[in-house]
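Chains as they are written, first to last, in my numbering: chain H, 1 to 221; chain D, 1001 to 1239; chain S, 2001 to 2204.
Just so you know, the hints here were simulated from the structure itself, not pulled from any lab data.
It is possible that part of the hints are untrue.
Claimed, not checked - Pairs of lysine to any residue residues, derived as SDA-like cross-links and limited to a Cα-Cα distance of at most 20 angstroms, are as follows:
| # | chain 1 | residue 1 | chain 2 | residue 2 |
| --- | --- | --- | --- | --- |
| 1 | H | 157 | D | 1142 |
| 2 | H | 157 | H | 218 |
| 3 | D | 1173 | H | 198 |
| 4 | H | 157 | D | 1153 |
| 5 | S | 2177 | S | 2135 |
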Amino acid sequence: MIGFLSLLRRDLRLVWRRPGDVGVVLAFFVVAVVLFPLGIGPETNVLTRIAAGVLWCAALFAALLSLERLFAADYEDGTLDLLLLAPWPLELAALAKCGAHWIVTGLPLSLLAPLLGVAFGLEPESLFILFVTLLVGTPALSLTGGLAAALTLGARKSGALLALLALPLCVPTLIFGAGAVEALAMGEGIVTHVAILAALALVALATMPWAIAAALRQAGE
Amino acid sequence: MADLHFLANPARFRRFSQRVLPGLGFATVLMLGVGLYMAFFVAPADYQQGQTVRIMFVHVPSAWLSMGGYALLAVLGASLLVWRHPLAALMARAAAPVGASFAAVCLLTGSLWGRPMWGTYWVWDARLTSMLLLFFLYLGHIALSRAYDDSGRGDRAAAILALVGVINLPIIKFSVDWWNTLHQPASVTRLDAPAIHNSILVPLLWMAVSLLFLFVWLVLLRTETEIDRRRLEVADQTQ
Amino acid sequence: MASPLLEVTDLACRRGSRPVFDRLSFGLGGGELLALTGRNGSGKTTLLRALAGLVRPDAGTIRWQGEDVAGDPDTWRGRLAWLGHLDGLKGDLTVAENLETAERLRGGDAARLDSALVAFDLGPLAARPVRTLSAGQRRRTALARVVLAAAPLWLLDEPLNALDAPAQAAFRSALQKHLEGGGLAIAATHAALGVVGRTLELAA
């Protein structure tokens, strides 16, 4: 547990020393979202209709963009070996890394998305649901993307490859995340959506740390 | 798995495959010929779908084989990661593009079927969309296994991906079905195996078995090639 | 004579299908140093990584006090202090933060941080971010991390890399002290370490 917390603290501290890295990811998110009204046209009905999908997809891309460096930095400076050699389970280390990633990406994206949703004409209730679904769903993105990041360590063209690996696996989270907001707009209950979203995050929590640890071990060989 | 253990040694596999391949190739051609004849000339046209129903005799078995192929990748991945079978890595490398091709055939035939039935080449049908995502999973596997200078790294990374993918496939399928019922009007004819009637079931199963023969034949042939390629690599390294 | 603390039997590693080393056996007792020598590409680094459990050997066993280390890898990793050919330091953290974090990751409390800093004359640099240091200063920081770990077995890959004469002397005295305290060390090196020990030459 000491190891887990100190790794989490280390990664947060590293981000704190270079806040610009997170700023770039959030700026990408905002710019990507703003492009849609510019590309599609400013009709509010259309924008409101696609808002949840656009915001969810942009959040997914922004999260993946920032994931490339998640393990690559440790791999390049040799600190990954220290994690592999720590006398506690590597699965916990994987969880700590993904947890730190979620705190600096998933959480701010969840907070930022409702603000952008206003520009798409979403109702306050929808904005709140958007925030909730992102809050519940983004941990699954950090974990799934974390696996893709671990698998592509040291690969050629790792950035594009990471997206190719992670995107199909993130589809369920996307469907239920964006679907909840739409269900609300159609006057349906959203409890099922949020429950399934939470279940998806739990499945990721239960499986991904093991897969990430296996991927990191074979990267160390 | 007992068979794979027996064949774990690539040299022994080669002796086995060289004995089996010619006969298997001959059988595949024969079976496919008979199967296609049945599909095109013997099976009756559907009263609703007309002649286009014949596409199903290729479409449906391709879907089965591409799903089975991904399961095979997961089994091979497990045997590489757990038992370090040298042959499992080579066979996974050989099987992934074959499985991806069957997924592609399934998508293409699906869209050809869709043109007369739906009036367009692509409809976001639940089965087609799931198959598309399976195709992407295959692409990821193929790209990952070939993304490293050290081929062993690529093999092991792709093996982990196949295991994670096989766990996630049912979840993806479930979400896409959910998404589809939410967004699609129910009146659209679904892309599906036709109602099971013996005059259709027999050619369908016959085609499934012949395409399975084709699948196995292609995978064995490609595994041989991979063994040769790996030998050349080793020869280069030890010069 | 009692059996050695560390016993390596018939260890073999392959890269792809190419053998890196084969049927390697040696034993090492408390207070002993083993220097690994051999040409570039002879497998020194791979052997160190196999001993640490980072690379799974294709054959052979590694025993510590008679027990196979593969049976309890967590405990085994706790007995190791590792210096790779990369320093394993975070550029954005200071020297002191790097040492403290590394020790916490091992589950320790970094209580002896000051003495480790002093051993490698890092006191004046303690508050500097590592990215502002020279290669030699970084290597000293990495060595201080090894000392701080207080582990019975040191695994060192080219410890003298980038070190100037005073730093080499500091390393020697730290290593001497570790061995006198009953510790073991295995170091891959192409230069003489200047400390009495056995040598294992790996054939290319």
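Against the structure, the hints come out as follows:
{"no.": "1", "hint": "H:157 with D:1142", "result": "14 angstroms, holds"}
{"no.": "2", "hint": "H:157 with H:218", "result": "19 angstroms, holds"}
{"no.": "3", "hint": "D:1173 with H:198", "result": "18 angstroms, holds"}
{"no.": "4", "hint": "H:157 with D:1153", "result": "15 angstroms, holds"}
{"no.": "5", "hint": "S:2177 with S:2135", "result": "25 angstroms, violated"}
The structure fails hint 5 only (numbered hints given earlier).
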